[in-house]
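Number of protein chains: 2
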Amino acid sequence: MNETIKKDTSGVGLVEKQFFTFAGPPHEMKLDSGARLGPITIAYETYGRLNAEKTNAVLVCHALSGDAHAAGYHREDDPRPGWWDFMIGPGRGIDTNRYFVICSNILGSCMGSTGPCTYRPDGSKPYGLSFPFVTIGDMVKAQKALMDHLGIQKLVSVIGGSIGGMQVLEWCIQFPEMTASAIPIATTTRHSALSIAFNETARQSIMADPNWNSGDYYGGAKPDAGLAVARMIGHITYLSDESLRQKFGRRLQNREDFSFQFDADFQVENYLRYQGKKFVDRFDANSFLYITKAADYFDLNRKYGDGSLVRAFAFAKARFLVISFTSDWLYPTFQSRDITQALKKNGLDVSFCEIKADCGHDAFLLPLNRQSDLIKGFLNGVFTETQT
Amino acid sequence: MNETIKKDTSGVGLVEKQFFTFAGPPHEMKLDSGARLGPITIAYETYGRLNAEKTNAVLVCHALSGDAHAAGYHREDDPRPGWWDFMIGPGRGIDTNRYFVICSNILGSCMGSTGPCTYRPDGSKPYGLSFPFVTIGDMVKAQKALMDHLGIQKLVSVIGGSIGGMQVLEWCIQFPEMTASAIPIATTTRHSALSIAFNETARQSIMADPNWNSGDYYGGAKPDAGLAVARMIGHITYLSDESLRQKFGRRLQNREDFSFQFDADFQVENYLRYQGKKFVDRFDANSFLYITKAADYFDLNRKYGDGSLVRAFAFAKARFLVISFTSDWLYPTFQSRDITQALKKNGLDVSFCEIKADCGHDAFLLPLNRQSDLIKGFLNGVFTETQT
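Taken in order, these protein sequences are the chains called A and B.
If you're matching positions, the first sequence starts at 9 in the numbering used here and goes up one per residue.
If you're matching positions, the second sequence starts at 9 in the numbering used here and goes up one per residue.
Hint data in this document are derived by calculation from the structure and do not stem from the laboratory.
Mixed in with the good hints, there may be bad ones.
Which copy? The list can't say, so a pair holds if one copy fits it or any two copies do.
Stated by the list, open to error - Heads up, simulated DMTMM-like pairs for lysine to aspartate or glutamate below, C-alpha to C-alpha not over 20 Å straight-line:
#, residue 1, residue 2
1, Lys230, Asp289
2, Lys311, Asp265
3, Lys38, Asp265
4, Lys230, Asp381
5, Lys25, Glu84
6, Lys311, Glu264
7, Lys325, Asp85
Working from the sequences, and respecting the hints, build out all of it.
Now the structure itself:
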């Protein structure tokens with residue numbers, strides 16, 4: 009299995025998940041809901057080297073089901089690298105020869121950071137639904153604590169797609185002095201009714217599973233059936249009509265004719281069932297509930313702008329590269345245009361690029377040269393400027 | 009409560025559901041799957057009067073969750089009329105002063121026609137999953153038997169939207185001599201991978217409900233939770249991003265601020281939960297499985313054209329009015345254009361109209377004057393021609 013790494017000596021190589029714990033009592037973090045949470049552990053990884061002046065850090069924010077493992081391999085026999093490996097590495101879009109890249113698991117997730125599947129401070133049992141609600145803003149606050157811990161006072165850039173892009177926008181508003189630049193990708197400033205509708209349907213699917221048991225299922229049977237359907241719903245929204253047509257069309261799965269049974273006759277059915285099943289092995293149903301709700305609550309206009317997106321960005325200082333994809337119908341391009349316009353009305357330096365891609369919302373996770381080149385060029389300009 | 013009827017004296021008034029039973033042993037109907045089914049009961053309603061020559065009949069085909077009750081009221085205190093009441097009645101789009109209108113419940117449904125919730129011929133228990141698979145073609149064959157029973161040899165028109173539109177297209181191919189004209193609305197000739205994906209996810213939601221019990225739940229607890237989520241998934245696809253924005257946006261449900269709970273904070277969440285709950289009171293989960301699978305199997309190119317839609321329509325003779333809606337993303341306009349082109353290449357008389365509407369796929373169920381006027385004008389032309 010050394011083959012894997014040998015094949016890919018151009019990347020960041022072996023990496024390790026690290027942990028940072030803070031907000032221990034009585035210094036619990038105050039959340040947007042008013043509740044307090046602590047201690048908080050944040051799982052994170054870093055790639056490249058922090059320079060002596062600590063001025064070369066780039067923060068990468070992940071989406072709903074992502075984690076801190078953005079690049080490289082955990083073990084020599086890992087079959088696959090981190091989720092954005094094609095983007096992060098020596099000479100890649102986010103060049104680790106130059107930048108110190110940090111990716112941390114979001115608060116509320118189940119990939120090493122504190123979330124509903126974490127044990128309560130009293131050690132009695134996992135939080136379950138007693139875990140307080142966290143917002144995208146809270147996730148960013150926890151990331152800020154990690155930056156403080158690492159001694160980083162200013163980030164060359166904060167970069168992320170989808171819910172990661174929401175975090176990017178929060179960073180620019182909450183901590184304008186710390187963000188030299190920002191790259192929000194395939195994202196929005198407020199979840200549309202359509203996005204909320206899909207998320208709510210997915211949540212109802214989990215909550216309809218008797219094994220969910222009001223979130224108290226740790227140690228027993230998990231709500232796998234409900235979570236699998238939730239993932240199938242989500243997965244459809246990450247693709248596009250066109251990509252589904254190209255990838256599957258009406259092709260049948262290992263058969264010449266219809267089964268006239270409730271089997272997965274079509275490849276697309278088989279694919280979705282597989283995605284659902286695979287997901288339940290690695291993700292926690294309660295984390296799915298918490299993070300989708302945080303995304304639904306996300307509304308910069310409401311939180312910072314009193315209904316105006318222009319006002320919401322009034323204190324932002326970053327240089328921006330806004331990226332959208334033509335076939336993304338979850339956060340369509342017009343939403344990225346809205347971001348761009350609001351930033352420009354604040355006199356900020358903004359580049360906007362809509363990338364032609366058939367593959368829907370998930371395009372940002374796919375190795376598109378156009379995206380990597382854009383990010384590389386943009387970071388280069390920002391870095392040159394900030395180091396002088 | 010007489011108010012209701014008083015308010016609406018312009019419609020068809022009180023109507024009655026009727027039943028027709030055929031295909032009793034040993035004359036069971038041979039289905040597309042090769043299985044045999046019988047006896048078969050078809051529930052239907054009629055509006056207007058059949059003329060002496062029996063040349064003024066119009067068949068209306070309903071969609072997934074519809075039924076035979078297309079117009080009028082069953083009782084004086086009915087709060088609501090049939091599902092297409094604004095379209096069918098004296099002077100309306102389908103004018104009952106002139107036409108004899110028939111609407112029958114599709115085979116496999118649960119609204120009076122034979123389906124999985126019907127008792128087996130031996131009276132032992134409802135069919136459940138022992139009910140054979142039915143296709144859109146089988147549904148049409150059962151409708152044809154009803155026409156024979158009513159003594160109707162030629163239809164002025166066959167009209168329907170969505171899955172009803174699929175039946176319309178099957179009619180024109182299976183029984184070209186019987187269809188003087190056809191109005192397929194918001195429909196397709198083959199389910200796309202996206203449509204299959206949504207249907208399969210909805211089916212998985214039902215089948216994940218422990219109460220579903222492999223379809224054997226009659227007399228016990230029903231898979232309401234799974235069916236409600238399935239309906240929510242379907243319902244989203246019937247609307248549009250724009251209509252959801254207009255109808256709900258991010259408005260909160262009876263509250264000023266977020267609950268920071270898993271309540272229905274947003275109106276759109278509340279609306280979808282309500283739609284899900286309402287649906288389980290009137291629809292059978294197994295029927296949902298069978299009819300969505302029939303829609304997924306629907307593929308005229310494959311069944312009749314050996315991969316060519318032009319060939320599929322080679323024997324059609326009807327005059328066509330093809331209607332689509334701008335915001336329908338389930339069966340987008342390009343699919344109606346494909347139908348139109350294939351018909352034209354067969355030298356058929358085809359009118360095509362894309363109606364501007366923000367309300368998505370379900371637009372055909374809404375009282376749009378443009379749709380009613382188009383249908384009225386088209387039928388008028390056909391009727392005048394066929395009677396001379």
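Hint check results:
Taking the shortest alpha-carbon separations for Lys230 and Asp289, only the intra-copy value of 10 Å comes in at or below 20 Å, while the best inter-copy value is 29 Å. Only between protomers do Lys311 and Asp265 lie at most 20 Å apart by alpha-carbon distance; the minimum there is 11 Å, versus 54 Å within a single protomer. Within a single copy, Lys38 and Asp265 get their C-alpha atoms only as close as 59 Å, which misses the 20 Å cut-off; across copies the closest is 18 Å, which meets it. With identical chains, the CA atoms of Lys230 and Asp381 are never at most 20 Å apart, being 43 Å at best within one copy and 55 Å at best between copies.
For a Cα distance limit of 20 Å, the shortest separation of Lys25 from Glu84 inside one copy, 15 Å, qualifies, whereas the shortest one across copies, 70 Å, does not. Taking CA atoms no more than 20 Å apart as the test, Lys311 paired with Glu264 passes between copies only; the shortest distance there is 13 Å, against 55 Å inside one copy. Taking the shortest alpha-carbon separations for Lys325 and Asp85, neither the intra-copy value of 43 Å nor the inter-copy value of 64 Å comes in at or below 20 Å.
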